[in-house]
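Student: If you want the building blocks of each chain, they are given just below.
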Amino acid sequence: MSDAATEIKVPVVPAELAREPLVQNNRSFGWISDRVSAITEGKTPKWWWAAFVPSVLLMGLLGAMLFYQITTGVGVWGNHHPTMWGWDIINFVWWIGIGHAGTLISAILFLMRQRWRTAVNRAAEAMTIFAVMCAGIYPGVHVGRVWFDWWLFPIPTYQGLWPQFRSPLMWDVFAVSTYFTVSVLFWYVGLIPDLATMRDRAKTKVKQFIYGFFALGWTGSNRHWSNYEKAYLILAGLSTPLVLSVHSIVSLDFAVSQLPGWHTTIFPPYFVAGAVFSGFGMVLTLLIPLRSMCHLEDIITMRHIDVMCKVTLATGCIVSYAYVMEFIIAWYSGSAMEKFHFMNRALGPMWWGWVMMMSCNMIVPQLFWFKKVRNNLVLVFIMSIFINIGMWFERFVIVVVGLYREFLPSNWGYYMPTWVDICTYLGTFGLFFTMFLLFMRFLPMIAISEVKGVTPEADPHHPSAGGKGNGGKH
Amino acid sequence: MSANAKPYGLIAEFENTSSVLHAAESVNEAGFRKWDVFTPFPIHGMDKAMGIKNSKVGWFSFLGGVIGYASGMLMIWWMNAVDYQILVGGKPMFSPHGAFPPSYELTILFGAFGAIGGMMFLNRLPKLHHPLLKHKRFALVTHDKFFVVIETADPKYSESETRKLLEAAGSKRIEMVEE
Numbered sequence: 001m002s003d004a005a006t007e008i009k010v011p012v013v014p015a016e017l018a019r020e021p022l023v024q025n026n027r028s029f030g031w032i033s034d035r036v037s038a039i040t041e042g043k044t045p046k047w048w049w050a051a052f053v054p055s056v057l058l059m060g061l062l063g064a065m066l067f068y069q070i071t072t073g074v075g076v077w078g079n080h081h082p083t084m085w086g087w088d089i090i091n092f093v094w095w096i097g098i099g100h101a102g103t104l105i106s107a108i109l110f111l112m113r114q115r116w117r118t119a120v121n122r123a124a125e126a127m128t129i130f131a132v133m134c135a136g137i138y139p140g141v142h143v144g145r146v147w148f149d150w151w152l153f154p155i156p157t158y159q160g161l162w163p164q165f166r167s168p169l170m171w172d173v174f175a176v177s178t179y180f181t182v183s184v185l186f187w188y189v190g191l192i193p194d195l196a197t198m199r200d201r202a203k204t205k206v207k208q209f210i211y212g213f214f215a216l217g218w219t220g221s222n223r224h225w226s227n228y229e230k231a232y233l234i235l236a237g238l239s240t241p242l243v244l245s246v247h248s249i250v251s252l253d254f255a256v257s258q259l260p261g262w263h264t265t266i267f268p269p270y271f272v273a274g275a276v277f278s279g280f281g282m283v284l285t286l287l288i289p290l291r292s293m294c295h296l297e298d299i300i301t302m303r304h305i306d307v308m309c310k311v312t313l314a315t316g317c318i319v320s321y322a323y324v325m326e327f328i329i330a331w332y333s334g335s336a337m338e339k340f341h342f343m344n345r346a347l348g349p350m351w352w353g354w355v356m357m358m359s360c361n362m363i364v365p366q367l368f369w370f371k372k373v374r375n376n377l378v379l380v381f382i383m384s385i386f387i388n389i390g391m392w393f394e395r396f397v398i399v400v401v402g403l404y405r406e407f408l409p410s411n412w413g414y415y416m417p418t419w420v421d422i423c424t425y426l427g428t429f430g431l432f433f434t435m436f437l438l439f440m441r442f443l444p445m446i447a448i449s450e451v452k453g454v455t456p457e458a459d460p461h462h463p464s465a466g467g468k469g470n471g472g473k474h
Numbered sequence: 001m002s003a004n005a006k007p008y009g010l011i012a013e014f015e016n017t018s019s020v021l022h023a024a025e026s027v028n029e030a031g032f033r034k035w036d037v038f039t040p041f042p043i044h045g046m047d048k049a050m051g052i053k054n055s056k057v058g059w060f061s062f063l064g065g066v067i068g069y070a071s072g073m074l075m076i077w078w079m080n081a082v083d084y085q086i087l088v089g090g091k092p093m094f095s096p097h098g099a100f101p102p103s104y105e106l107t108i109l110f111g112a113f114g115a116i117g118g119m120m121f122l123n124r125l126p127k128l129h130h131p132l133l134k135h136k137r138f139a140l141v142t143h144d145k146f147f148v149v150i151e152t153a154d155p156k157y158s159e160s161e162t163r164k165l166l167e168a169a170g171s172k173r174i175e176m177v178e179e
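For the record, the sequence lines run as chains A and B. In this text, residue positions in the first sequence follow my numbering: the first is 1, and each later residue adds one. In this text, residue positions in the second sequence follow my numbering: the first is 1, and each later residue adds one.
Please note that a few of the clues may not be correct.
Listed next, the stretches of chain A that the computed footprint assigns to chain B, with coverage defined by at least 3 CB atoms under 8 Å from CB atoms of chain B [said to hold, decoys possible]:
#1 28-40
#2 149-162
#3 195-207
#4 215-222
#5 228-238
#6 454-461
Lysine-lysine pairs mimicking PhoX-like chemistry, simulated, CA-CA at most 20 Å apart [said to hold, decoys possible]:
#7 136/B with 172/B
#8 205/A with 136/B
#9 127/B with 207/A
Among chain B residues calculated to face chain A with C-beta under 7 Å, some are [to be verified]:
#10 40
#11 84
#12 123
#13 127
#14 141
#15 144
Hints in this document: simulated from the structure, not taken from any laboratory. Every residue, glycine too, gets a C-beta built ideally from N, C-alpha and C.
Work the whole structure out from these sequences, hints included.
Tutor: Structure, rendered in structure tokens:
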């Protein structure tokens, strides 16, 4: 190929139309690995300990609460007739929903070639795994007799009994365990090249051995990259229908029942949108403080925050649509029970739950229409917490308000959580933050090789890489 | 350099993606077979430059998915309709609709196993011992440098000619790696 043939005149984009670069200040490849690895190297910062110690204590609280609940019985919770599902199921759905943003970022945005995902996908995937761990505790212990949990799995036993696969609760077992396994595998496959970076930087024999062991002997061979990239693409392609199915199946736990407010076809898409909405809320809650604590402002830029706010706004609008649509369907159905349920939802004794849900999930995200708001980190952080609260109340409205006043007025009751409910929930935060803090201290929390791949230098046709063209669009 | 060390190949270092891509093109054109490019991240267009065909990982994943779906359906049919029949609400003993969600999840699970297992098998990983991993300079491959390695086992390999080729491709630093 002659030099003349490669010189293609690409029109220069005017300044006002040019996109902000994904990595600010023209950082080099070496800078990216140094910056990200620095979080795991050197002295442990004080703020890390300040966050880690309370997290571990809270995790201990979780252990104590689970011990008390398992040894005493489910009666220590506020679950009583007619509200047989309470904070256990609310928190299960809430935590698992949070996980969904991680998979959306790692899989769906990958398929859509959203290159900004590289800065946040690793941390978001870790968030997914830890959130699913927190979620998984609840169905495990709310069955009451934890020592029979293995009945959930198709294991041949002396009884010759098999699980009953017509129940959506059984589908849930398969959905959640597959989700956890595939999320861990996807996360690990993404980590392999970065573990090799950690191996090659490690100063001590122990670190070299551990990182080297998990890096599987990765050399960065292009013949390997070729298979690796294909496997990564397929995993993204598999995780996309997976993440959509998981919260759909969680919603079927409700929708397959006959209860007014639960028995509706809008549930699967509405649950998935809500899950992504809440997950992005949590990603923002985690990454806004972390980017300044770990000095990652050049990698997780304001553009990243801006885009994530927009995704939150979009999913928030879908959720709001579902909230309104539920009322319209109830009115249009002509079913007295359905109508009563929704009147009770908004005006009954637990109206405050509905008001919290509507204000946090419908009104608060509307502020994201304004660029001024999206660029204000303090405001975005506060709003992200409101979204987490709002999505918790959404599940409260669905679970508790759906149950406490069903068909027969003689069957009505009220629901109050107990101190055990509250402490168990607080304890799951301990587990979540302990895991997350350990992750960010020992593993690269930014996908180093992927971020390098989206810099202009990585494009062999870009002038900064010695190329002759203008490069692709970054 | 110990006396009985067997040479593994020539390693040439490159500074940027453009030069390593062009070097790969020229090594490929020269007709080498046992050679590879080592980079901190996958470079767009490198597979074409090296003449690598489309990866076969997809077949492993497809096979995994088929096995997952079939085993899900068969398992549920056998457990609920054959081995221990439970009648629930007068519903049929086996229905593909009720069996679909778990089978769907198993499709994805086994498809993912297939993709990862296929990738590991095709890449012959884990392989914790590799001559290049002992080479000091090579540690920069996961940092910011790019390498082309031509193995001595290649039929076209000749120490002086191959070195000339890599020099002509623009490498400033060419060394011999030992086994």
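Student: Each hint should be assessed against the structure and marked as holding or not.
Tutor: Status of the hints after comparison with the structure:
no.	hint	in the structure
1	28-40	holds (count 4)
2	149-162	holds (count 4)
3	195-207	holds (count 5)
4	215-222	holds (count 7)
5	228-238	holds (count 7)
6	454-461	holds (count 5)
7	136/B with 172/B	holds (17 Å)
8	205/A with 136/B	holds (15 Å)
9	127/B with 207/A	holds (18 Å)
10	40	holds (6 Å)
11	84	holds (5 Å)
12	123	holds (5 Å)
13	127	holds (4 Å)
14	141	holds (5 Å)
15	144	holds (4 Å)
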